[in-house]
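Once you've looked at the hints, dock chains F and C against the given chain H.
Each chain, written out:
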Amino acid sequence: MLETFNFRVIFEYMPFFLKCFTATLWLSGVGLVGALAVGTLACAMRISGSKLLSTAAGVYIESIRSTPLLVQIYFFYFGLPSLGIMVTEEITGVVALSLNSGAYIAEILRAGVQSIPFGQIEASLSSGLSYFQRMRYIVFPQALGVTIPPMLGQAIVLVKDSALLSLIAVTELTRAGQIMNSERFMPAEGFFTSAVFYLVIYFMLKSLAGWSEKRLIFRESR
Amino acid sequence: MIRFKNVHKWFGKIHVLNDIQLEVGAGEVLVVCGPSGSGKSTLIRCINRLEPIQKGELIVDGMEVHDHKTNMRKLRAEIGFVFQQFNLYPHMTALENVTLAPMKVRKISKKEAISAGMEVMEKVGLGDKIDAYPAQLSGGQQQRVAIARGLCMRPRIMLFDEPTSALDPEMINEVLEVMKALAREGMTMVVVTHEMGFAKEVAHRVAIMDVGQVIEIAPPHEFFSNPKSERTRLFLSKILSH
Amino acid sequence: MWKNYLTRLVQSLPFFITGLWMTIAVSAISLAAGTLIGFFLGILRTRPNRLFRYLIGAWVDVIRGTPFLVQIFIVFFILPEFGIHLDAFPAAILALTNLGACFICEIVAAGIRSVPWGQKEAASSSGLTEWQQLRYVVMPQAMRTILPPLVGQYVLLIKDSSVVSVIGVTDVTRVGWLTVQRIPHGLMVFGLVGLLYFIICYPLIRLSNLLEKKMAKGTR
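Protein chains in written order, with our numbering: chain H, 49 to 270; chain F, 7 to 248; chain C, 2 to 221.
Among the clues, some could well be false.
For each label pair, taking beta carbons as the anchor points, the in silico distance ranges come out as [as the list claims (entries may be wrong)]:
| # | chain 1 | residue 1 | chain 2 | residue 2 | range |
| --- | --- | --- | --- | --- | --- |
| 1 | F | V217 | C | R54 | 34 to 40 Å |
| 2 | H | P165 | C | L205 | 29 to 35 Å |
| 3 | C | D88 | H | I139 | 33 to 39 Å |
Source of the hints: derived by calculation from the structure; they are not laboratory data. Using N, Cα and C, we set each Cβ at its ideal position, and we do this for glycine too.
Isolated chain H, as found in the complex:
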């Protein structure tokens, strides 16, 4: 098959692939930012003392974790119009991605915050710091160190999740492969090229995760 692998076609479509590659990065990036916002809010609600807020956040998180992303995407794609809300597929997609990853990020943050030894909290209480000061100077900086690697893991997941957006007609990397399949009947060239682009993102994020883990280990050992 390799002899018939048409590199010329890939070259021809390369501008298109690059455009889709950028689209994937964009969608994932905005999705990640959205997820961080949602996740931080949900985490704050979860660890707050309020039973109401905690349960609300809990329901959100468990629903997301127990249902597939594709179903969530379809839920918004087909559901928002029935509420009368008409938005582009991109926005629908990013909303679904943000809400989905947001739940996982909320859990990552919660684990990070809970990993801080209680003695730290006690020490900061004894010196009279307020709740916000405790969070800002003691809790968050330490939680950050523990959470960066799993966050990067979630970023990798998010990039892969963005592929599902191709199913609601968003132009991104997987859709590029689909188009090469339907327009030129060349699924191999199309999907393998998409796969290569995804692997590029994957290995970049993976080495970033490795690098950050090394740097953070220095901070841990005092």
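Then chains F and C, alone, in the frame of chain H:
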């Protein structure tokens, strides 16, 4: 029984065993001591090839350990090894720990293994603990089970790598008593330890190692009262003065 | 209007249940096959043989670095070019098993590595074969570290199985997709689909958490 001939070993750049010449005869009890990093643990771990040697010859019970083609499994069945960290299998009872190897390696029946296991557990003084899990036993008891586990294979050689170093002081004696009894019965033993009282009582020879070499080796009465090397004297003064 | 939709939806319930069975079937078969292959490869991964480690490692990276959707497309559209023509159902099983085996391989390898090295030394010092060491000493202890994430992985696979709906497998997601063409109320239809997944996945997630707590208690 055990013969080291021109043995060298490196861990990367570190020359951890430097031209070792050593012979241990059948029925002999050899105690090896020395400062940490001297290579004494590595030496004993080479005997059953937990660590391979890079240069020289190592012959144990007639088999050439340095030769890659040698079937170490057969040889290891004849050598009992007691670790500093006990390394008992946490998911098995004491009796199961002791009988696993005899059943699987020597292929004896379960009934035979159990009776042999109970016999050897009695010998180390733990006949009533055969159904206990390691987590339920004290450190000293765990180490005695580890010794029983080695003994149940009816080995020709017993190796001990700092058997009491991980124990609280009050439990050291119970383990040493078991080891002394073994020595008196004529077992060939190589023991890496700091317990000089043990050495004085039952060792046939005591060796001291430093920076990968055997500095001095002599029967206990000579070793302790008339050490020939300055480093030996220094080491002895440090460990005997508490 | 939506009351009309609701009645029609309730009438379509049997259709959804059939879809649910398909989801369970696809997931169960892939889980079983993936677990077997994953355990086998996970054990191979931890052996000293460099070739195996690199090969398996490369395969793991490719599977973990590309979206499952792309993998399904590759199985369904590209294998025919090699002469392998698969129907939707077998193709789905193949892709999902491949995915599962990959992740389970990593979980198993991590579990094996978590067993203290001294245990292996003690076992090999008494003359046990590699296989005996694995079977009686290493694996029983590794299972403690393997079980919770393994169950978690099963949940992920059930959720990932929803993606096979795009190549025409009539699982519960596809039933939803087909239904919403006739009953254009996305919230209700996919709310139902989500509920059905929830019923299967949530208990498994709780089980995984429970296992994690139990395993953590057991260690000294």
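Here is how each hint holds up against the structure:
1. F:V217 x C:R54: 34 to 40 Å: 35 Å, holds
2. H:P165 x C:L205: 29 to 35 Å: 32 Å, holds
3. C:D88 x H:I139: 33 to 39 Å: For I139 (chain H) against D88 (chain C), whose Cβ atoms are near 36 Å apart, the range 33 to 39 Å holds.
Checked against the numbered hints given earlier, the structure satisfies every one of them.
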